[in-house]
Structure formats: structure tokens, C-alpha cells
Amino acid sequence: MNMVFEEIYRDYWNKVFRICMGYVNDHDWARDIAQDTFIAIWKQLPNFRNEAAIGTWIFRIASNNCLRQIERNNKMPRAEMPEQIEYKADPDKESQTQFLYKCIAELPETDRIIISLELENVKQAEIASIVGLSETNVRVKVFRIKEKLTKKFEKYEH
Amino acid sequence: MSTDFKALWNNEGSRLPDIQEIFAKANKLNRNIRRKLWRENVVLPLTAIFIIWIWWYYQPQMITTKIGIVMIVIAIIAFLIATNQLCPLLTDGNAETDSRQFLTQMIKIRQKQDFISSTMTRVYFTLLSTGLALYMIEYALMGGMVFRITYYTLTFAWIAFCWFYWLPRKVKKRKKANNEVIARLEELNGQLGKE
Chain A
27 MNMVFEEIYR
37 DYWNKVFRIC
47 MGYVNDHDWA
57 RDIAQDTFIA
67 IWKQLPNFRN
77 EAAIGTWIFR
87 IASNNCLRQI
97 ERNNKMPRAE
107 MPEQIEYKAD
117 PDKESQTQFL
127 YKCIAELPET
137 DRIIISLELE
147 NVKQAEIASI
157 VGLSETNVRV
167 KVFRIKEKLT
177 KKFEKYEH
Chain B
38 MSTDFKALWN
48 NEGSRLPDIQ
58 EIFAKANKLN
68 RNIRRKLWRE
78 NVVLPLTAIF
88 IIWIWWYYQP
98 QMITTKIGIV
108 MIVIAIIAFL
118 IATNQLCPLL
128 TDGNAETDSR
138 QFLTQMIKIR
148 QKQDFISSTM
158 TRVYFTLLST
168 GLALYMIEYA
178 LMGGMVFRIT
188 YYTLTFAWIA
198 FCWFYWLPRK
208 VKKRKKANNE
218 VIARLEELNG
228 QLGKE
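Chains A and B supply the protein sequences, listed in that same order. Residues 27 to 184 in this note's numbering are what the first sequence spells out, letter by letter. Residues 38 to 232 in this note's numbering are what the second sequence spells out, letter by letter.
You may find that some hints are simply not true.
Here are the simulated distance ranges between beta carbons [claimed, not checked]:
id, chain 1, residue 1, chain 2, residue 2, range
1, A, A79, B, I70, 52 to 62 Å
2, A, N73, B, I114, 28 to 38 Å
3, B, G227, A, K149, 36 to 46 Å
4, B, Q57, A, K174, 53 to 63 Å
5, B, G180, A, N73, 38 to 48 Å
6, A, I80, B, L74, 50 to 60 Å
7, B, P82, A, V166, 53 to 63 Å
8, A, N73, B, Q122, 43 to 53 Å
9, A, K149, B, G230, 17 to 27 Å
The set of hints was computed from the structure by calculation and includes no laboratory data. All values derive from a computational prediction rather than experimental measurement. Just so it is clear, CB atoms sit at the ideal spot from N, CA and C, and this is done for glycine as well.
Whole structure, please, built from the sequences with the hints as guidance.
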């Protein structure tokens, strides 16, 4: 079991971290949620049978852990610029990345999850089954969110 | 020029923490849960057993003592049933369902928690304090008048303090926090709209 978990941990850490980061836009907080997600995965793994859908399963736990943050902190800090970025890109790209995460964290909570999963290359049918919406509904939402982000970026760049 | 959101998105990342950190955190969580379970499910039943033992050992003569003991034991059992019903929901809270179901489930848990913190706390406290007051009648009668008056003044002052000051404040505070969370959860559920 340890080996399987370690493999999942290595493969999914950054994906889960990014989803949490999209939700809270705070490095330490996102790491905390990601760690809680892997604790839940570790606990539930022995009961998990459907290996084909492991990604969906992991993202469901991650998304729900993000939603659960409401219980821990009523007043979510809105989109602070992260203090440190660990993967340094060129300065322009770095500030654009920060801006993207800031914009996502300002969206309504469920939209943050939908767009994070979309950007993580999760199929829309899977996103639908993660959040509990129809595929059509997800498609519409993704389209609208991207439109919103594009507008924000257009303003940001000019 | 359209921005490549996916490329920017993938630019973010975090150093992979040592897997032992995860295990350590999981163990710490387990220890906390065990401690909580131990506190409630061992200490409280032991208290109940101790009280029943007093009944058997000292053979109280007055009916008030016996009623008092029964009330205290019922209070403990009621408290344990209520908290144990809630405990698995709070710790597991089936995180593997979809977000919509998860949110609905969380709202239900919170509503149940609200009921427990307001109604059950009052029931527990009423049974416990009345039981205690009845239980002590027999032993208070063994003392002199000054002891009886002092004892009952102090007991009723304590009950009044809890009932009229401490309990309403505590219930109100918890209710407020709980209602805020329920409202936020409902708002989130609303974001998903009706399917």
C-alpha cells in the first residue's frame, strides 16, 4: 500500500497543490489543504477499488477539502499576492502567473474549482462528476470563466 | 493576443514535502481523535459507573438520591449518544462524493450540530444539575443547618450562573458561528444552481 501511495503522492502532489492554490492563493494555506487531502487519500486508499478513475477520486477529495475551508475560516483572505514563488519563471511570466492565481481566487468558490480542474487538463465529463453538475453546465461555466479571465488579462496587459 | 492560461497555470508548483510529513500529520490527527474519544467515551462512562457504584455501596435511603443518580446517568448517556452520532460525520464527512452532495451533507451535519449544541446542551445540563441537587439532599441533611444553607446557596448560585449567564452565552456564540457557516455553505451550493 505504501508503494502505491508514494506513487500517487509523487504524481499528484503538484496537481493537488495547484488546485488548492487556485482556491486560496496562499502558498502555506494551499500546502496545508494539499497535505490534508493526501492524509484523506492515505486513509481511504485501502477501500478504493476503481483504479481507472483514481484521478477523479483524488480531485474530488481535493475539491471537497477546499470547500471545507469555509468551516475553518469564515473570512477567506481575498487574493493576497503569494510571498514566495518556488518555481521561478522569467519575471514577466511570473507576475502573469501570480495574476492568474489572484484572478482565480477572486472567482466564486465553485468556479475556482471548475477552472482549476480545467487548467489541470481534467476532462469536462470528469469535472462534471467531481462537482456534481452536468457536462453541458460545466462547458458553459468553463467558457464563461475563461472569458472573464481573458478580459481581466486584457486590462492587466494594457 | 490570447493568454495561454494552461501554461501560466503549470508555472506554479510547490516543493514536494517529505512523505513522512504526511504520515506525521496523519498520526497527530489520529492521536487527537483518539484523545477526544477517550475523554468522552471512557471518562464519562467511568463517572456513570462510579455513581452507580456509590448507589450499590452506600445504599442511599432517600428516593431523591436514587432519582438524582438516575438523572445524572441519563444525562451522561444522552450526551454520549448525541456526540457519538456526530463524531463519525465530522471526522469522515465523506469527502469522496461530488461537491454538490458534499455541500448538502455538510449543511445537514451543521444543522445537526446546531441542534446538539443548543438543545442537547440544555437537556444535559438540566438533567445533570437537577440530578446533582437531588442526589445531595440526603448528604446535606447529615450536616448542620449552616452547612445545609451554605451548600444549597452555593449549589443554586452555581446552577443559576450556568443557566442564566454561561449557557445562553455559549449557545448563542456557537449558534452564531454555526449559522454563518451554514449560510456560506448554502451560498456555495447555490453557486452550483439547480440541476
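Okay, the hints, checked on the actual structure:
no.: 1; hint: A:A79 to B:I70: 52 to 62 Å; verdict: violated (29 Å)
no.: 2; hint: A:N73 to B:I114: 28 to 38 Å; verdict: holds (32 Å)
no.: 3; hint: B:G227 to A:K149: 36 to 46 Å; verdict: violated (26 Å)
no.: 4; hint: B:Q57 to A:K174: 53 to 63 Å; verdict: violated (41 Å)
no.: 5; hint: B:G180 to A:N73: 38 to 48 Å; verdict: violated (60 Å)
no.: 6; hint: A:I80 to B:L74: 50 to 60 Å; verdict: violated (31 Å)
no.: 7; hint: B:P82 to A:V166: 53 to 63 Å; verdict: holds (55 Å)
no.: 8; hint: A:N73 to B:Q122: 43 to 53 Å; verdict: violated (22 Å)
no.: 9; hint: A:K149 to B:G230: 17 to 27 Å; verdict: holds (21 Å)
In the structure shown, a violation is registered for the earlier hints numbered 1, 3, 4, 5, 6, 8, in ascending order.
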